[in-house]
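Each chain, written out:
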Amino acid sequence: MKAFAYVNPANEKEAVAALRDAGVAMPIGGGQDILARMKDYITAPDRLVNIKNALDATITPVAGGLRIGAAVKIVDLAENAQVSRLYPNISAAAIEVGTPQIRNQGTVGGNINQRPRCWYFKNEEFLCYKKGGNRCFAPAGENQYHAIFGNDGPSHIVHPSSLAVPFLAYGAKFRVVSASGEREVAAANFFTLPTLQNVLKENVLADDELLTHVILPAPGTARHGHYEVRYKESHDWPLAFATVILKMSGQTISSASVVLGAVAPIPWRSEEAERALVGKTLSEATAAAAGEAAVRGAAPLSRNGYKVQVTKTAVKRAVMRAAGLRTV
Amino acid sequence: MPNFDQQPPAGGGAPTPQGRGGAPGGAPPAGGRGAAPAGGAAPQGRGAAPPAPPSALALKYPWPAKPVLLGTRVKRIDGPDKVTGRAKYTHDINRPGMLYGRIIRSPLPHARIVSIDLSAALKAPGVKAAYNVKEPGAQVMYQGDTVAAVAADTEERTKDAARLVKVEYEALPHFANEEQAMDPDAPVVFMGGNTRPGTAQDVGDIEAGFKQSAHIIEATYYTHVITHVCLESHSIVAEWEGDKLTAWCSTQGVFPSQQGLAMGLGIPAANVRVITQYMGGGFGSKLQAGAEAVIGAKLSQMAKLPVKLTLDRKEEHLDTGNRPSAGAKVKAGVTADGTLTSYQADSWGTGGAGQGVGNLPIPYIYTFPNRKRTHKDVYINSGTQRPMRAPGHPQACFLTEVLMDELADRVKMDPVEFRIKNAPVQVPSAMYRTYLPEGAKLFGWDKRHATGDPTPGPIKTGFGVSVHTWGGGGSGTQAHCDIMADGTVVMKCGTQDIGTGTRTIVALVTAETLGLPITAVRAEIGDTNYPRSGGSGGSTTAPSAMPAIRLTAAKALEALFVKVAPTLGVSADTLVATNGRIHVKDDPTKGVTWKDACKTLGADTISVDHMWEAGLSSVNSSGAQFTEVAVDIETGIVKVKRILAIQDCGLVVDRLTCESQIYGGVISSMNFALYEDRILDRVTGQMVNPNMEMYLLAGMSDIPKIDIILKDMPERGVVGVGEPPTVSLSAAIANAVRNATGAAIRSLPLHPHKILAAIEQQKAGGTL
Amino acid sequence: METEENLRSTRIVFGVHCLKIRHKGMYVSYEPDPDPAVYNELFDSGSYWCAQTQTSFGPDGQPVRPDICQGGRTCCAL
Ligand SMILES: Cc1cc2nc3c(=O)[nH]c(=O)nc-3n(C[C@H](O)[C@H](O)[C@H](O)COP(=O)(O)OP(=O)(O)OC[C@H]3O[C@@H](n4cnc5c(N)ncnc54)[C@H](O)[C@@H]3O)c2cc1C
Ligand code: SF4
Chain A
1 MKAFAYVNPA NEKEAVAALR DAGVAMPIGG GQDILARMKD YITAPDRLVN IKNALDATIT
61 PVAGGLRIGA AVKIVDLAEN AQVSRLYPNI SAAAIEVGTP QIRNQGTVGG NINQRPRCWY
121 FKNEEFLCYK KGGNRCFAPA GENQYHAIFG NDGPSHIVHP SSLAVPFLAY GAKFRVVSAS
181 GEREVAAANF FTLPTLQNVL KENVLADDEL LTHVILPAPG TARHGHYEVR YKESHDWPLA
241 FATVILKMSG QTISSASVVL GAVAPIPWRS EEAERALVGK TLSEATAAAA GEAAVRGAAP
301 LSRNGYKVQV TKTAVKRAVM RAAGLRTV
Chain B
329 MPNFDQQPPA GGGAPTPQGR GGAPGGAPPA GGRGAAPAGG AAPQGRGAAP PAPPSALALK
389 YPWPAKPVLL GTRVKRIDGP DKVTGRAKYT HDINRPGMLY GRIIRSPLPH ARIVSIDLSA
449 ALKAPGVKAA YNVKEPGAQV MYQGDTVAAV AADTEERTKD AARLVKVEYE ALPHFANEEQ
509 AMDPDAPVVF MGGNTRPGTA QDVGDIEAGF KQSAHIIEAT YYTHVITHVC LESHSIVAEW
569 EGDKLTAWCS TQGVFPSQQG LAMGLGIPAA NVRVITQYMG GGFGSKLQAG AEAVIGAKLS
629 QMAKLPVKLT LDRKEEHLDT GNRPSAGAKV KAGVTADGTL TSYQADSWGT GGAGQGVGNL
689 PIPYIYTFPN RKRTHKDVYI NSGTQRPMRA PGHPQACFLT EVLMDELADR VKMDPVEFRI
749 KNAPVQVPSA MYRTYLPEGA KLFGWDKRHA TGDPTPGPIK TGFGVSVHTW GGGGSGTQAH
809 CDIMADGTVV MKCGTQDIGT GTRTIVALVT AETLGLPITA VRAEIGDTNY PRSGGSGGST
869 TAPSAMPAIR LTAAKALEAL FVKVAPTLGV SADTLVATNG RIHVKDDPTK GVTWKDACKT
929 LGADTISVDH MWEAGLSSVN SSGAQFTEVA VDIETGIVKV KRILAIQDCG LVVDRLTCES
989 QIYGGVISSM NFALYEDRIL DRVTGQMVNP NMEMYLLAGM SDIPKIDIIL KDMPERGVVG
1049 VGEPPTVSLS AAIANAVRNA TGAAIRSLPL HPHKILAAIE QQKAGGTL
Chain C
1097 METEENLRST RIVFGVHCLK IRHKGMYVSY EPDPDPAVYN ELFDSGSYWC AQTQTSFGPD
1157 GQPVRPDICQ GGRTCCAL
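Chains as they are written, first to last, in my numbering: chain A, 1 to 328; chain B, 329 to 1096; chain C, 1097 to 1174.
No lab work stands behind these hints, which were simulated from the structure alone.
Please note that the accuracy of each hint is not assured.
Said to hold, decoys possible - Residues of chain B placed beyond 10 Å of chain A at every Cβ, according to the derived structure:
no., residue
1, Leu-387
2, Arg-401
3, Arg-491
4, Val-516
5, Phe-538
6, Asp-810
7, Val-898
8, Lys-923
9, Asp-1009
10, Glu-1021
11, Ser-1029
To be verified - Lysine-lysine pairs mimicking BS3-like chemistry, simulated, CA-CA at most 27 Å apart:
no., chain 1, residue 1, chain 2, residue 2
12, B, Lys-394, B, Lys-918
13, A, Lys-280, A, Lys-247
14, B, Lys-927, B, Lys-891
15, A, Lys-2, B, Lys-927
16, A, Lys-39, B, Lys-642
17, B, Lys-927, B, Lys-388
18, B, Lys-913, A, Lys-131
19, B, Lys-494, A, Lys-2
20, A, Lys-232, B, Lys-1082
21, A, Lys-247, A, Lys-232
22, B, Lys-416, A, Lys-39
23, A, Lys-131, B, Lys-1082
24, B, Lys-918, A, Lys-2
Idealized CB from N, CA, C, for every residue including glycine.
The following block holds chain A by itself, in its conformation from the complex (with noise of 0.2 Å):
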């Protein structure tokens, strides 16, 4: 990798400020990501600014929600009561992500901030939009893990945090962090489906700027599912998941929120099996009908055609889960 700069910062301002000195300079968080980008020249800061020591690593309850420190590990998160008990999805992201190492270093901040898995992006031969290029090489190519939804381009990755999934679900903020002050930012509205002029970056943060804290409302009274279809048990990423949150009235489901993760260049919105949800009642015909809605509008590329069934597969189990109904 390129020779480069360590800065240590005891403190939010000290951070910021760092990232604003000369030079392009970037958070590392545990380092799961970036350090392999560096590695293998696809990322070459010349500087890197900690944000372990800087940055919030609790867990805090905040008006019936809970405040997560964005440099919170991913293992403590997963292991969290508080966070099992309000926010089960979470809970269920995080442990499956990929290995038990990874989840010992990597932080929530890392999580969501870390860049795509595509295997174009990924490679120094290919030089593709994302790396500054002007083509996206998996429409013609290899694109049996990209997106199968949001696919206008440029770009056809799929976002590949899992976190960012049920934190949108859940209705998260982020709070943002810049030498210039602070602001939060929706999930919903962080991160970005790719544009020409946006390319470069998967979400609306600035490069001086640090994501410090996911803020979570009080879930309220739910159901909760979540579902990933995984080929390997461990290391591995997964094909598509789907997480799933009911509120009822009585037998019925009052209001539904189910969000996508790795069929899209953003967590994905399913709209429409929130539709087929609301008004229904808790069996597996619902689940099933879910999922068929969720896929509806699917368009995948040449080689990724099977996703749809996965997806729909994740949607449906993940809203039996929710139900308590057994999935396989």
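Following the hints, position chains B and C with the ligands against chain A.
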């Protein structure tokens, strides 16, 4: 010495001192193997001299009838060194002033090198040497092909400097897969053509066979390319002293690497010493020194300093070999009573740039009396193949065994019964007729349902079986044994331990022969300064080395008997060594301890050489593997639930290391079926998954319980077990998936998309 | 008959093939089986390399294979 035939190809072969029928137990050869004549007829041994008769020593020291250590579970003697890090693998070797080398490789799959500019690299900090491996004007034939090399004082500086080498390429047409290369409109990329036909084969009367057939299947089967993925990547530490080179290499053969380095560098072989104390996997990709080793040595020669050159994972995937693909368009027939009739196949496959598939023994094992084949080697712009664990067999096994299940279904026969019916003649090296029913019983095969799991719900389970064969066998190894006056025993042999446990079994056989505990002997291997042995490939290491060790130890022991006998007042030929003592055979009280016996040597050392002889090893083994899988038909995901492997390998030397080979083989076969896949971008010809993140390998939690039934055949001597267990599980898994889902699975790997597509096709009208 | 039986021969013949061609069978300790069918099956892994270059391409940049590593090729040594 490489074994050149001394006669033109049409003539008979060289005489065989070993003789396939000359092994202990007189095992006749396995019949019906691959391209052997129909009906599994025994080869006639045309022009073969009878096997050399065993020497008096070999007759006196057959494998013991009541062994103490042989066949027991002996832990690896270097296990503690490995887990504590005391064991030094090549990459752990550090020499004073050592530099780090790196190869600059082509990013393009086919190009002409226009220019190479080393000047910036040579000026970079710490750089001590750089040179062009290829000169401008030359072509690179695949991504990862070598272009230039550089050495600097730290690994980081070397990598930085390598990136400063400026290479200008003129891109040329390339092929990323067989279809592109076989396209009649494709440009000629390879001299002499992009494909090359094999000699056609025509045995029996194929059409008559089809006429007798009640059912005929016509389908295409295919296995993909995978790479060796040795955990220890290819590595060399090279150090020159004047014109003499010492090379620590991660190699499967110290002697082959010695020759490779000598010829690659153009220096006398006598000036090269190769050392391999510990090795972390080769699977066939380390039987040659390889360009990487020559480049490391050359950089060292130029810089006049030691150089370490270790490849990274990407280089491993791109340029240290792979298992060739193999496809076959097959037409096969079966009579109403389940007898195989005719087999017709047009096969093809690629071993990368300019290399073919090699032998593809289809139809595998089973007896089709009428066979007709054509074959086409296809050349694409990818790294070239290197032998990979049982070359040709995993592919041939899949191509045949999947068809076998389909044929069995046509005649409504159980796959086990169908296999037994069509298996070759039973001989000790081909025991399918025994292993299949035995395995079926142990596995609970009676619980297998007919094709298509009838239980409701998305999870379907299925059973699958497949059988395999392999050669093994050995010759030629030499060894040296010293027994010192203080009782110390050293056995030296220029074989190498490629992770299989060779060091342990060298010590084990020495100890067994001398009647000592394994801790009392030292095994020294992995060095060209020791007596000659072959490369560790072809499952030949144990059958080549163990007879040599046994006889060398025996010869040393006989010499000790001669010294001890007078002190006991007996003749030397009455003595035996057991339990740490040397004593009269029928009177254990009349004897001395090993230590006291050695004291009679005084200032002397017993120092003897001996070599492999016929009679203690033989060739060919067989096995069967059973598996149960669960398929999620709504996601296409296959999970292997359990595996049973039945394997023979003649005499079991160390039960633990033997089982270890079977575990490893079975797991790689599962990886071949489900996970591994070298994926080249079809447009650019560049590999998209040259890592261990997107190149999938089973993790611990993906691997189910593996039961092993090891068939002892001590009377056959040592056969070798490195390759056979990796052949058949992939086919068994595919058969189990078909049994579970009812959908035809005819190509690997069994990724979810393929399973889902097969299920769709099945629903849409059926593939049976 | 044997030669027809086999689609390929790994038998590298002294005086016919280049002295520098290599394959797996040359480096493992195994007596050549008198039956070429058996021998070829065991060792024809189809992977050939040149002892001089230690790659599957000769010094002339062309592939190493028994069918072309023969007299007439500029780099061939008989
Ligand atoms: C085999 C494998 C499987 C994997 N499977 C999964 C999976 O299933 N699901 C999943 O989600 N991930 C998966 N990953 C990725 C891994 O989870 C992420 O890499 C990890 O969570 C990143 O966290 P980190 O703290 O190590 O990030 P880092 O590498 O430290 O940072 C990632 C990126 O975020 C930026 N960044 C870090 N912190 C902040 C911050 N506070 N504010 C703004 N930007 C920041 C960094 O600059 C960098 O660009 C897998 C990785 C591998 C290798
Ligand atoms: S490439 Fe040339 S030198 Fe090398 S083996 Fe073939 S003919 Fe001989």
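Violations among the numbered hints: Hints 3, 9, 10, 11, 15, 18, 21, 23, 24 contradicted; others consistent.
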